[in-house]
Amino acid sequence: QQQVKQSPQSLIVQKGGISIINCAYENTAFDYFPWYQQFPGKGPALLIAIRPDVSEKKEGRFTISFNKSAKQFSLHIMDSQPGDSATYFCAASRSNDYKLSFGAGTTVTVRA
Amino acid sequence: GAGVSQSPSNKVTEKGKDVELRCDPISGHTALYWYRQRLGQGLEFLIYFQGNSAPDKSGLPSDRFSAERTGESVSTLTIQRTQQEDSAVYLCASSLIHRGYGYTFGSGTRLTVV
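For the protein sequence lines, the chains are A and B, in the order given.
Numbering-wise (our numbering), the first sequence opens with residue 31 and increments by one.
Numbering-wise (our numbering), the second sequence opens with residue 1159 and increments by one.
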């Protein structure tokens, strides 16, 4: 049973545009929500993470928005660049747990 | 080491053969994890090591899968009598403490069973 649902499966955006990826979770005990970026042939790398005590976190061009009541969170990539072309995974965990539950991933293609 | 190292990076094997996948975690990381990534799917948890013991093996798909870790360092994931559905990227991660934050992933081993 998939505990984190991610959409869309893929998206194409023009350089300079905004990429938006959405995730929804079921387990209300989750309190740590990271996003991972994966380039072809590489392992996932932590991009940005949020905890439910804040509704938004921004790091450079990457922003996580978090809606606790809706059990949803999203990644916004502002001013998308060709170097942002990668697969993005959302994940969720309880802060006292070692296991991450991952979404299915979104392949982002940024066209120059 | 500077990062998590996995070998081989690619492995093609015939159905029914056994394979061993190796993971060298970051030095000092006591926690080590194996995940599986099937094409177009998210990462599936396989097993977690704390030191040399594996308190959670709940994600291993069948008894054909086993893993061990020695010296709080290298871990080996073994798949016996491989099947085509075992084809996937096997990712290893390590962390300083056993929490979901702080993972560093290796680049994975792409296993293809023909």
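Quick caveat, the hints were computed from the structure, so don't treat them as lab data.
Note that the structure is predicted; figures quoted are calculated from it, not measured.
Quick reminder that beta carbons are idealized off the backbone N, C-alpha and C, glycines included.
Incorrect hints may have been included.
Capping the alpha-carbon separation at 27 Å, the derived lysine-lysine pairs in DSSO-like fashion look like this [what the hints assert, rightly or not]:
(1) B:1215 - A:35
(2) A:45 - A:98
(3) A:129 - B:1173
Examples of chain B residues lying across from chain A (beta carbon under 10 Å, computed) [said to hold, decoys possible]:
(4) 1171
(5) 1173
(6) 1202
(7) 1208
(8) 1250
(9) 1263
(10) 1265
(11) 1270
Which earlier hints turn out false for this structure, listed by number in ascending order?
2, 3, 4, 5, 11
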